[in-house]
Every structure is written in C-alpha cells, then in structure tokens.
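Chemist: Letter by letter, the chains look like this.
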Amino acid sequence: MEKLKFGFYWAASCGGCEIAVLDLDEKILDVLEIAEVVFWPVAMDIKYKDVEAMPDGHMDVCFFNGAVRTEEQEYMAKLMRRKAKTLIAFGSCAHTGGIPGLANVADAKEIFERAYLKSPSTVNPSNVVPEVKVEMKEGTLTLPEFYDTVKALDQVVDVDYYVPGCPPPTGLINEAIQAIAEGRLPPKGSVLAPLKSVCDECPRVREEKKITEIRRIIDFEPDPEKCLLDQGIVCMGPATRGGCEARCLNANMACTGCGGPCPEAIEQGSAMISALSTVLGLAAEREEGFDPDGLMQQLKDPIGTFYKYGLPKAIINRRVIEK
Amino acid sequence: MTDFEPKIVGFLCNWCSYAGADLAGVSRFQYPPNLRVIRVMCSGRVHPAHIMEAFKNGADGVLVAGCHPPNDCHYISGNLKAQRRVALLKMLMAQLGLDPERLRLEWISAAEGDKFARVIREMVSNLKELGPSPLHDSEAVIAGDD
Numbered sequence: 000m001e002k003l004k005f006g007f008y009w010a011a012s013c014g015g016c017e018i019a020v021l022d023l024d025e026k027i028l029d030v031l032e033i034a035e036v037v038f039w040p041v042a043m044d045i046k047y048k049d050v051e052a053m054p055d056g057h058m059d060v061c062f063f064n065g066a067v068r069t070e071e072q073e074y075m076a077k078l079m080r081r082k083a084k085t086l087i088a089f090g091s092c093a094h095t096g097g098i099p100g101l102a103n104v105a106d107a108k109e110i111f112e113r114a115y116l117k118s119p120s121t122v123n124p125s126n127v128v129p130e131v132k133v134e135m136k137e138g139t140l141t142l143p144e145f146y147d148t149v150k151a152l153d154q155v156v157d158v159d160y161y162v163p164g165c166p167p168p169t170g171l172i173n174e175a176i177q178a179i180a181e182g183r184l185p186p187k188g189s190v191l192a193p194l195k196s197v198c199d200e201c202p203r204v205r206e207e208k209k210i211t212e213i214r215r216i217i218d219f220e221p222d223p224e225k226c227l228l229d230q231g232i233v234c235m236g237p238a239t240r241g242g243c244e245a246r247c248l249n250a251n252m253a254c255t256g257c258g259g260p261c262p263e264a265i266e267q268g269s270a271m272i273s274a275l276s277t278v279l280g281l282a283a284e285r286e287e288g289f290d291p292d293g294l295m296q297q298l299k300d301p302i303g304t305f306y307k308y309g310l311p312k313a314i315i316n317r318r319v320i321e322k
Numbered sequence: 000m001t002d003f004e005p006k007i008v009g010f011l012c013n014w015c016s017y018a019g020a021d022l023a024g025v026s027r028f029q030y031p032p033n034l035r036v037i038r039v040m041c042s043g044r045v046h047p048a049h050i051m052e053a054f055k056n057g058a059d060g061v062l063v064a065g066c067h068p069p070n071d072c073h074y075i076s077g078n079l080k081a082q083r084r085v086a087l088l089k090m091l092m093a094q095l096g097l098d099p100e101r102l103r104l105e106w107i108s109a110a111e112g113d114k115f116a117r118v119i120r121e122m123v124s125n126l127k128e129l130g131p132s133p134l135h136d137s138e139a140v141i142a143g144d145d
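Chains as they are written, first to last, in numbering that gives the first Met the number 0: chain A, 0 to 322; chain B, 0 to 145.
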C-alpha cells in the first residue's frame with residue numbers, strides 16, 4: 000500500500016502542538032508505518048517553494064496549528080488548503096483562535112507600541128517599529144503585514160476537521176490518525192473529540208452547586224477531591240468539550256477551556272456566563288437595592304476567563320474598532 | 000445626529016413585563032416606536048448569546064425586562080439569574096468596547112404600563128445621545144463565521 004502523505008504547518012502558535020505530535024512517543028513509529036511526512040518546517044529542511052511546486056491535492060492530510068494573524072500565515076493557510084486533500088485545524092489556536100486570539104482586545108498599532116516601544120524591558124532608542132516596506136539603497140525590504148484581528152483557521156479557509164486542545168491530548172491525536180488510516184472519518188466539519196464536557200471526565204466529587212463568592216487559586220488551597228466550581232473557583236469544565244481526561248483538574252488546576260465549545264453550544268464563553276450565573280448567588284439578592292455588579296466584580300477579567308481560547312470565534316470577536 | 004433612530008431589541012418576560020407592555024398599549028401611553036419586542040417565558044431564559052447576537056445583528060440597545068424581585072418571578076428565581084447575567088455581560092461589553100449602557104435590565108410588572116412607556120422613552124433618548132452602535136461599521140464580527 001502506498002503511504003499516506005502528511006504535512007504539518009504552524010502559524011500563530013507557541014510550538015506546543017508540534018511537541019504534542021512527539022508526545023505520541025513510540026507510537027510515532029506506527030504513524031510512520033502508514034504515512035510519510037512531506038512537509039514539516041519545524042523538523043525538516045524544506046522551503047515554501049518546494050510546497051508551491053507540489054501538485055494541488057498532493058498531501059493527503061495537513062495538520063495546521065496556530066491562528067492566522069499575518070499576511071504570511073494567511074498565504075500559507077490558503078496554500079495548505081490547495082495542496083492538501085484534508086485540512087485539519089490542529090489545536091486550540093487553529094480551532095478557535097487560542098491564546099493569540101486574546102490579542103483581539105487590541106489592534107496592531109497598540110501591540111507594536113507595547114512590544115517595541117513601551118514595555119519596561121524594551122531598549123529601542125531609535126524607536127524602530129516593523130514596517131511592511133522599507134527602502135534601502137540596496138533595494139526594497141518587505142515584511143508580511145501584521146493584521147489587527149486574529150482569526151481561527153476556518154475564518155480564512157475551508158477546514159475539514161478539528162482536533163481541539165492546547166495542545167491536543169495524545170489520545171485524541173492517536174484516535175484522529177487511526178481514523179484517517181482506517182478511512183473512518185466522521186462527516187466533514189466534525190470535531191474529533193468526545194461529545195461530552197470536561198465534567199463528564201472529571202473525577203472530582205460534585206454536589207449541588209451554590210456558591211456565594213468567586214475565589215482564585217492564589218487565594219487558598221483547594222480541596223483536591225471536591226469540584227472546583229463548588230469551591231468558588233471559575234472552572235470552565237461545564238462549558239468545555241472533553242477528550243482531555245480532565246488533565247488540569249487532575250493536577251488541581253481549574254479547566255481554562257482549551258477544548259472549545261461543547262457540541263451544539265452557540266458559543267463557549269456565553270455558555271459559561273450563563274452557567275456561572277445560575278449557581279453564583281447571595282441570600283441578600285432578594286433584598287431591595289442589592290448591587291449585582293459588586294457580586295460579579297469579584298471576577299477580574301471576563302474575556303480572559305470565558306474566552307481564553309475562543310475570542311476569535313465569539314459572537315462579537317474583537318474589541319470594537321472605531322472608525 | 001438628530002435623525003438617528005436607534006433600534007432596540009426588548010426581551011420581555013411573559014408573566015410581568017410583556018403584560019406591562021400590553022397595559023401600556025391598552026392604556027394608550029405614548030412611547031417611541033424604536034422597540035422590537037421578543038416575548039420570552041422568563042427573563043432567566045434569555046441566554047447571553049441572545050443578547051450578543053442582537054448587538055451583532057445591528058441592535059443599538061437591548062432591553063431585558065422581568066418580574067420584580069424578590070418574589071414575583073413565576074419560576075421563583077429566573078429574574079435573579081437574568082440580573083447576574085446582565086451584570087457579567089456589562090463587564091464583558093466594556094472590555095469589547097461597547098458602552099454597557101446599551102444593555103438595560105428593568106423590572107416591570109403587569110400593572111406598570113406607565114413604567115414600561117417611561118423606560119422606553121428613557122432608553123431611546125439615552126441611545127440617541129450615545130449614537131449608533133459602533134458595531135455597525137466595525138470589522139468586528141468576521142464574515143464567514145456562521
């Protein structure tokens with residue numbers, strides 16, 4: 000049997016998804032039994048022009064990790080779409096925008112000001128900021144444009160499948176590769192993860208939820224046996240798709256939501272806002288003149304809490320840019 | 000911006016606020032025609048996504064109206080849930096650059112037709128001062144997202 004041709008590419012991401020592939024350990028040898036890797040810039044010496052020279056649809060599967068925030072990444076996303084028969088958004092950033100997507104609370108100008116001019120560790124006496132085009136006496140130098148808005152992969156090109164997680168857990172990666180090898184992939188557009196939420200996989204003991212204050216992990220030492228939400232810590236488990244076997248909960252940390260929305264959920268963040276609002280309350284709420292803002296202001300950063308990995312896929316997916 | 004007519008989406012609960020709006024009608028209280036009413040069984044049924052979706056689709060303001068706390072809610076505590084959701088959403092809206100004043104929560108009973116008319120009049124005049132929603136011509140809400 001001819002081997003399948005795999006490609007891997009990274010865009011706006013940290014590189015963790017590339018490492019997750021290696022987390023397969025010795026199973027990666029089984030992968031190489033059925034597939035050969037034809038494009039993987041992080042691991043092999045190959046240039047963009049080599050991919051451009053491939054015929055369209057040459058790769059069977061491309062695993063694309065990272066969000067899209069520069070002109071170069073957009074170009075590569077479109078190129079990978081052309082060269083691969085099946086394009087898989089691999090990891091939170093490609094799936095829902097991920098941590099880089101939080102940059103949608105700012106725009107390109109603000110980000111450059113912070114990174115190149117204002118941050119305390121920056122030494123930049125001549126105030127150099129990257130530009131798309133610079134004229135030198137030897138010729139014109141160019142850089143890809145840095146966009147105002149970070150996008151998930153499917154907001155740029157058509158995506159066939161999604162493997163969620165930051166990074167995707169090895170169980171899900173294995174399962175996805177098995178499904179590809181055996182030709183039993185579900186309908187196009189599916190998320191290759193279980194249908195239930197993280198809570199379904201969480202070993203902690205849950206009671207009827209009724210909390211009166213929001214606490215953070217720095218405030219106290221949580222009971223490792225009890226549900227973190229029951230203890231007042233905002234855990235995104237109820238609004239997050241499982242498949243990770245509750246790995247953060249097993250390490251006594253709250254779920255931050257990297258698995259993306261549950262199936263049929265309109266949106267992950269608002270699902271959690273809705274859920275939290277049903278369990279967080281005070282006896283005094285029924286009294287005249289109660290201030291609900293005070294109750295909620297215990298929560299320091301709603302976007303960072305509810306949309307940590309999903310701002311580009313939210314209903315309103317960036318801070319408004321006033322024209 | 001004198002000719003700007005704001006669009007308001009109003010989620011009114013079946014048991015109190017919708018009846019309050021009805022009373023405003025049969026009592027012939029005057030209020031401006033800027034409100035699009037959506038009747039829901041309970042203000043606690045209004046999901047945060049409904050509100051965000053209304054803003055995304057061009058609402059300049061959103062009203063959520065339900066039964067008076069502490070004990071008027073037909074479903075015991077739906078109004079309190081709406082109150083908490085709106086409080087959280089207002090914080091979220093501030094981070095997204097949308098003025099939280101565009102979202103308003105009001106308790107309007109079936110006997111308060113006059114209050115209903117007053118709330119709508121106030122909202123319209125506030126929104127006229129705030130101007131059109133900045134989402135009208137922003138690049139937020141990426142195409143191909145649905």
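Hints are supplied without guarantee of correctness; some may be wrong.
What the hints assert, rightly or not - Here are the computed lysine-lysine pairs in the DSS-like style, where the Cα-Cα straight-line distance is at most 30 Å: (1) B/Lys6 <-> A/Lys77; (2) A/Lys108 <-> B/Lys114; (3) B/Lys6 <-> B/Lys114; (4) A/Lys136 <-> A/Lys77; (5) A/Lys108 <-> A/Lys195; (6) A/Lys299 <-> B/Lys55; (7) B/Lys114 <-> A/Lys187; (8) A/Lys299 <-> A/Lys209; (9) B/Lys55 <-> B/Lys6; (10) A/Lys195 <-> B/Lys55; (11) A/Lys108 <-> A/Lys84.
To be verified - A short list of chain A residues far from chain B (calculated; beta carbon distances all over 12 Å): (12) Ser269; (13) Gln296; (14) Gly303.
Since the hints were made in silico from the structure, they are not lab data.
What you are looking at is a predicted structure, and each value in this text was computed from that prediction instead of being measured.
For glycine and all other residues, C-beta sits at the position ideal for the given N, C-alpha and C.
Chemist: Quick one: which hint numbers does this structure break? Sort them smallest to largest.
Modeler: Of the numbered hints given earlier, those the structure breaks are 1, 2, 4, 5, 7, 11, 12, 13 and 14, listed in rising order.
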